[in-house]
Each structure stands twice: as structure tokens, then as C-alpha cells.
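Chains as they are written, first to last, in our numbering: chain A, 1 to 249; chain B, 1001 to 1249; chain C, 2001 to 2249; chain D, 3001 to 3249.
Keep in mind that the hints were calculated from the coordinates and are not lab data.
All of these numbers come straight from a predicted model, not from anything done at the bench.
Every residue gets a Cβ at the ideal spot worked out from N, C-alpha and C, and that includes glycine.
There may be inaccurate statements among the hints.
[Claimed, not checked] Below, in silico cross-link-like pairs of lysine-lysine (DSS-like), each with a Cα-Cα straight-line distance of 27 Å or less:
1) Lys244(A) <-> Lys3128(D)
2) Lys2045(C) <-> Lys2128(C)
3) Lys1087(B) <-> Lys1045(B)
4) Lys2244(C) <-> Lys3087(D)
5) Lys2081(C) <-> Lys1081(B)
6) Lys2017(C) <-> Lys1087(B)
7) Lys3128(D) <-> Lys1244(B)
8) Lys2128(C) <-> Lys128(A)
[As the list claims (entries may be wrong)] Far from chain C, some chain B residues (derived; all Cβ distances over 10 Å):
9) Arg1018
10) Leu1051
11) Glu1055
12) Ser1119
13) Asn1238
What follows is the residue order along each chain.
There are 4 protein chains.
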Amino acid sequence: MTNELRVTVWNEYRHEKRSDEIAAIYPNGIHDAIATMLNAQPGIKAGTATLDEPEHGLTDDVLTNTDVLIWWGHMAHHEVKDAIVDKVHQRVLNGMGLIALHSAHFSKIFRRVMGTACSLKWREIGEKHRLWVTAPGHPIVDGLGEYFEVPHCEMYGEFFDIPQPDALVFISWFQGGEVFRSGACWYRGRGKVFYFQPGHETLPIYHHSEVQQVITNAVRWCAPVDVVGFREMSQAPNVQPLEKISDEA
Amino acid sequence: MTNELRVTVWNEYRHEKRSDEIAAIYPNGIHDAIATMLNAQPGIKAGTATLDEPEHGLTDDVLTNTDVLIWWGHMAHHEVKDAIVDKVHQRVLNGMGLIALHSAHFSKIFRRVMGTACSLKWREIGEKHRLWVTAPGHPIVDGLGEYFEVPHCEMYGEFFDIPQPDALVFISWFQGGEVFRSGACWYRGRGKVFYFQPGHETLPIYHHSEVQQVITNAVRWCAPVDVVGFREMSQAPNVQPLEKISDEA
Amino acid sequence: MTNELRVTVWNEYRHEKRSDEIAAIYPNGIHDAIATMLNAQPGIKAGTATLDEPEHGLTDDVLTNTDVLIWWGHMAHHEVKDAIVDKVHQRVLNGMGLIALHSAHFSKIFRRVMGTACSLKWREIGEKHRLWVTAPGHPIVDGLGEYFEVPHCEMYGEFFDIPQPDALVFISWFQGGEVFRSGACWYRGRGKVFYFQPGHETLPIYHHSEVQQVITNAVRWCAPVDVVGFREMSQAPNVQPLEKISDEA
Amino acid sequence: MTNELRVTVWNEYRHEKRSDEIAAIYPNGIHDAIATMLNAQPGIKAGTATLDEPEHGLTDDVLTNTDVLIWWGHMAHHEVKDAIVDKVHQRVLNGMGLIALHSAHFSKIFRRVMGTACSLKWREIGEKHRLWVTAPGHPIVDGLGEYFEVPHCEMYGEFFDIPQPDALVFISWFQGGEVFRSGACWYRGRGKVFYFQPGHETLPIYHHSEVQQVITNAVRWCAPVDVVGFREMSQAPNVQPLEKISDEA
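Make a model of the complete structure from these sequences and hints.
What follows is the structure in C-alpha cells.
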């Protein structure tokens, strides 16, 4: 059907194959859990791609037919080929949305679009995490309340080395004393980027209803817009004047 | 029908009654021209309100049932009652979108939400005006090209005393040598605000297809989001701790 | 001496006169404590002004000779005359810096320059407060570390109804479970505005070294810049074209 | 001397050696002209580095002792070694300022810190160029008026594929009908970045007084701040909780 948002959920898909504990939470991988959830939403059609597929599952055909790419990676960021990162980068600049989840803060593609180190502080003791809404007019918080909690979460703390967001949507409180800019939006070229902190491989976070709501909202916010006749972002055309140049002017 | 965006187009509606020239372009007023155009769009239902109606047409009932308010004013900004401005301001902070058109840069409500003087340079000789897209990923430019032209336009030039926009969508080039931030977005409370420069009472600008496209897109971008249980923005509640406070902590 | 930054510290100065407890911390008022601290810094000369002086101490002469105005108010915001707020607003738009401290979030002048309700959540149990630096390249954090703590503080929590800051410098963690954007910068007209959360009348917060460092840095960041021949921001001049307008163009 | 800002002006230095016309304007290279101008300013000490020196003149020692790096390149961006770009990138994230001039929009280092293609439209017919100030409170415009003109300039036009700036300082008008965000600021890690459009190798733009003023102001704005104990941005430390984690909390 036309006007359906075409999402590809990318996952490195290693943790789930190595750990029974993780496999119990995400039997077919985090990507499958997210894609299944998204396919239950009206107007969204989600597929998946994983690291060990040829071209990491991100062939030209897949990328061309993806409106929004969701990225989850953790232990194998360095295995993602630069040539694929280059292609994904170009697609983002030319309109594809990108949603980076949790440990994807350190993925090559997220660091590429940010231009910063994307480093942070972290701790893994399953402490309590509360996300406060700081942009209640933003479509990504549609359906939420003032805050929501994730009972056991890996801590990510400031300083988070990202550019100042174009919109800062969530700030997190952690029990151990840290804060974190846990939901943030940026424009890049014709594309849009959203980073969202929740989501750890050993915790059932992508089954959490508010987390699912945010991801669904973010997919809609990231949707490409139809600008007409825009150049490919890699091009820098030499152009003729639109106005007559007169010396007297 | 549910989920229909309810728009109110407000106009001071004075120019049209005093000038045959203007009446020829907008026989039932600028508000009617914009509302008629919007009512032809799917999912939008637009009504109107004008200065000389009781409460300027902006009763509590009208405001409560308005998702997005479009504002056009020019010669009678000072006649708008402060009590109505207060109410509109509160509605914006609590989620209603606001679109300020052209000379509404000097309206009480736009100045109120900006916090600045909103002054600018101007000139009225009908020169050529070209609006360049500077945020090609923003939904407000959906359907446009790299730029569009308005053949005869009142010039508005920098410095435009507005806060730095949360998203700068258009920058204008004027034949006489000025530039202008002519399309700009801000978040305010739970509401969203868009300023759009084109539109002069003696020129048929609201019959221009790209201008109509931008206004329609802006209405959709300005739509309220459903946050659950958010306080009225005028309230500052004294709250209990969400966590146990221990001295040892 | 030339090039000295001229600061005026404004205080409503009521709490200190009514409470022995507060008077013990600030014997000559919060304004005097801050001005004394600033006068010990090189290149800064600070005076004071208070609510009960004629024109609240903010005569035309004082305002004209103030580069940066620091504002502290709490119980008597409503007693500040609108005519004085108008003048202060104009001075900010024409270049004067403004630093709003703690409960000044609800002052008339801060709400005026923000355009929002500036409401927040609050609680007064003296809990622990930790401010994290989120803009380590910003001059306001010069001399600080990754975070600093204020041992007993009034809690201010999100949602804080402010426009998205032009630079978000601090995010606060509170023991009771909230977060807060506790240091934020905005441009307004030719002026600059900084909001800084720490500072409660019954707590010796303005004797805290990091708090003093931030206020001093903020004064320097807020310094006016010398633009040449800029109009008063209240003016909207009708101007001649800078370029020849030709029909063929 | 302490507190002196240490600037390194980097130039690919090829045009000047190949063209008599360019050599006539910049006999010792653009880098020398800029460094000489900066060395005449109080509190600034400028050196130079060029492409054909070992390590492009940007040894570890030079980078460690550089507070602000100015970059000019055009025809040889691709000859800059990635290993050097990596080092410069790290220095920026750890506090060094970066000023990219004119055709440096396409330099590897500017594209790296932006995360976008940094492409634009261009035309080289020496048309008139007028830069309008859009942030009159920003220290980079200190000493300027509302606008300034560069009589003959290469045109750079929108869409300029950069992230939305943290502060947009100049917007340019070009005689041929285009506009351009010609002065823009971003925070990156602990560093600051400024892009400034004027400056073409065949035109004496760096002898222009307002252009010199802007570059000098930008050097001061880009100065590193002394944050204490901040980690290297490449590090992502695993940290202990600052607060006691209790299950009841």
C-alpha cells in the first residue's frame, strides 16, 4: 500500500545467539521483537537486517526502500564495514530517518552523523531509571505522561558527548546519582535522527509499553518528507545566477 | 469526526472592509480565503474568528475546541484585548498550535510567546521575493522544491528580533538587498509556534500554491500531542519525593 | 576604569528582613552577598538595587549604566511594577545581560523574556542536589569539574516550562527522583539571558564556591557586545532598497 | 606568556604557489596573511602550518599547544591524511577551537565534526555579497554594524548541508538571487566550531577589515575553557554509583 512507512530494524544479533538468558527474552532477536511490535501499528511495515547477512542485510535495494532505519548494536560495532556505513550515511542525508537505540550510541553510523565521540559514563547494576519529558509538545512523547520508569536498567550518564540536540525530548534520572539526555532529535541533511537510551540486551525493555510507544512515535517523526528536485546531498552544483547581475546595482 | 484537526483562522478583518482593492482579492476576508483552502484538505476542519466579534470571536468554547490557531493582523494589533491575549497564550502553552502570518509578527500574542520585540525592517514596493528551504527534512517543506518565489511582496528584512528558532525552515532573499528568516518554528510549553512571512493584504499571496502548501503543512506540524496527565502550565505543584530520602545516601 | 563590567544585583530583600534565620546567613541581604563576591573579581564592578527603593532602584540612570542585571525574587514578584519590567525588558533587548537566580524563574521579567509560564515542580526538604555539566565547552563552566553538589537544596523539577535553551549548560539530579534543566542560556534581541537554579533564601548557597564561580562566569558571558549603529529593538524602520530594483531582474 | 591564545593557521598553500595572481595578493600565503593580522591583536599569538610540511605541520606537539585552529583548504582536501584528521578531531572534542574558512566547508575535518555532506551551491563571477547579522548579542559580531559587504565574492548558496547551528550569526545575500548561512557556531565535545564563508583565493578578502574583525572575534569565542578533571572524550568509563542503591527506594 502507498504511504506506508517502510522500516528496517537492524541488529548485530550476536548476544541473542550466545546467551540463553538473552535468547529467553528475545528468542528471534531484538530486531524481530521490535519489527513485530511495529508491524502491529497502522501504516508501518517493518523488516529486519542483521550483521551476518551479506552486506549486513543493507543492500542498495533494502536501503532505497527503507524510510526509517532502526539500529541496535553493542559488541560488534567494529565489524560493520565502512562501505556500508558510507551508504547508510548518504541515505540519511538524502532523507531516510535513523533511530539509534541504547548501545548504538557507539555505532559507527551514529558517531558519523553526530561528529562527536558519543562517549558516556556507564554502569550495569540494574538500577532504577526514570525518564522525564522535557518537550511535551514534541510528537515523540504522544501518549506518554510526565515521566515513565524502567525498573532495571543499565545506567548511561553525562557527560554524553553529543552535539546539542535540535530537540531534547527526555532527560533520565538514575538511582545512583547520574542524569542523561536519553531522548534527543537532530536534523541531518534531508534526514532526521533520534537517539533513545532505554534498551539493554539482558533486560526485557523492548517489551515495555512506553518504550514501544516512543519507538513507534519516533518512526513516524523520522518519516522522510517529499521535497521536490532536491539534489543528492553529495553534490555541490555550479549554478547560474537567478537574477541579472548589473554593475550598477 | 475524530482526529480531525480543528483550525481557527483569526483575522482583524479591517483592511478588506476599507479598501476595494483588497476586497477584490479577498471578498470575504483573508480569514475566509485561508479557511476555505484548509477545508479542502483531508483531515482539517477550519473555522474563523475576527476582531469585531464579541471576545474577538475567541470565546472559551472556541479556544477549547481549537487545535491550531492562525493569526493575521496588521493595523489593529492594539485593539486586541489583553485578557484575550492571556487566554490564547495559556492555550498555546497547554498545547494549541499557533501560526503567525506576515504582519502578525507585531501582534500581541506573537510578541508574548517570543519574549522579544519582534521588530524588523520593511519596505513596500512589491519587489521580488525568493524563499530558500534551509531545513529540507522538516515536515513544513513537504511538497516544495529548493526554493519558491513570490513575484511581488512586501519586504521584511533582518535584523528580525526573534529568539533563535528551534528550527529555521526558510530564509528569504529580497531584490532590494535584504535577507529574512521567513519561516521559523518554536516550542512553547506543550504548544508549537510557526511564523511565516509571506502575505500582504494588497497582494494575492494566499492564493499562491506554495504558500498554501506551507500553511497546510504547518497546521499539521502544529497539531497538539496527547500527553497524559500533564498539569496546566500555569501551575507549579509542590510534590512529594518519588524516592526515599536517606541521609546516608 | 573602562571595560569594567558594570553589574547590578537586584533583590526583593524581604525574606532577610523578616527571618532571623535568613538574616544570619545574609546579614545585608542576598544582593549584598553576591555583589561583594563579584566586586572581588577582576574587571567587575557590582552595585545593588532592591524592591523598596524608588523605582525598585532601577532608575533610567541605573539601567543605562548596567551591563548585566542579576535578579533574585521570591515572595513579592507581583509587587514589581509593570512599567519597570517594561524598561528592564527593553534594556535586555538592547544589550544588557540578565541572570535570573532560583525563584526568579517566576519573576515578571524572566517570564517576559521567555514567553512561557516558567512553572515547575518543587519541594522543600533540603535534599541533595547534583549539577551535571552538559556543555563542557561553554564559558559558564570554566573552572568546574564534571559535576558539583549542593548538599541541601530546594528541589525544582521538570517539566520546567521554558523555551528550549540556546545552550543547556547544567542538568540537575535530585535525591527524591527528579531532574531539572538548572543552567540554561538564551539570546534575546541584543541581550543574553542565563537562568541558574541554585539558591534558596534559608540555605547558604551563595557562599558556595562553585555557585560563585558559575555566577561570575555568567556575568562575563552575559556582557554586551558593541554592535555599531543597531537600531533600538522597539523600532521597525521603513528602509530604502540597498540595490537597484529592475523589472527585468 | 600565560593566558595568551595560541592560534595555528593551517593552509593547504597550493594556489599561492601556482598562480601569480594569487601570489600577488598573498605573497606568503593566506595563512601568513591571517597569522600576521592575528599577531597584531592583543593576547593572541598565531603560528602557521601547511599541507606539505611533515604531518601537514600538525604534529602532536603543535596540536597540544594550539588553542584555536584555523583551516583553509580548497583543491587538496583529499591529500590531508586521515590519521591527521583523526588527531585534529580528537583535539577539537577535547577543547581546541576550530574555525573553517570558505572552501574549508569541504575539508575532511569540517565534514567530520558536522556529520553531514557540507555541500552547497556555488558560482564564481565575483558578484556582490552582503552579510547580515542575525545574532547581534553574539561576541563574534562585536564591533560590526547591521551588515557588511564584500564587493566581489564567490557565491555560496543554500541548501548548505550543515546541522542546524547552535547559533546562526550571519546570513548572506548574493546579487544573483541566493542566500547562505555564512557564519555559524556549533559546540562539539569540549570544543567549539565556527564556519565563516568569506574568503576566496583570488580575492583580497582577508585584507578586508570586517572580515578580519570577525576572524579575531571568532578566535576569542573559540577559546578553550578550563574544565577540571574531564575525561578524554574518547573514553567511556565504567563508574561506581555516587549514591547508595537501596531496593526500597
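Inset, instruction - Could you work out which earlier hints the structure fails to respect and list their numbers in ascending sequence? - result: Of the numbered hints, 2, 4, 6, 7, 12 and 13 do not hold.
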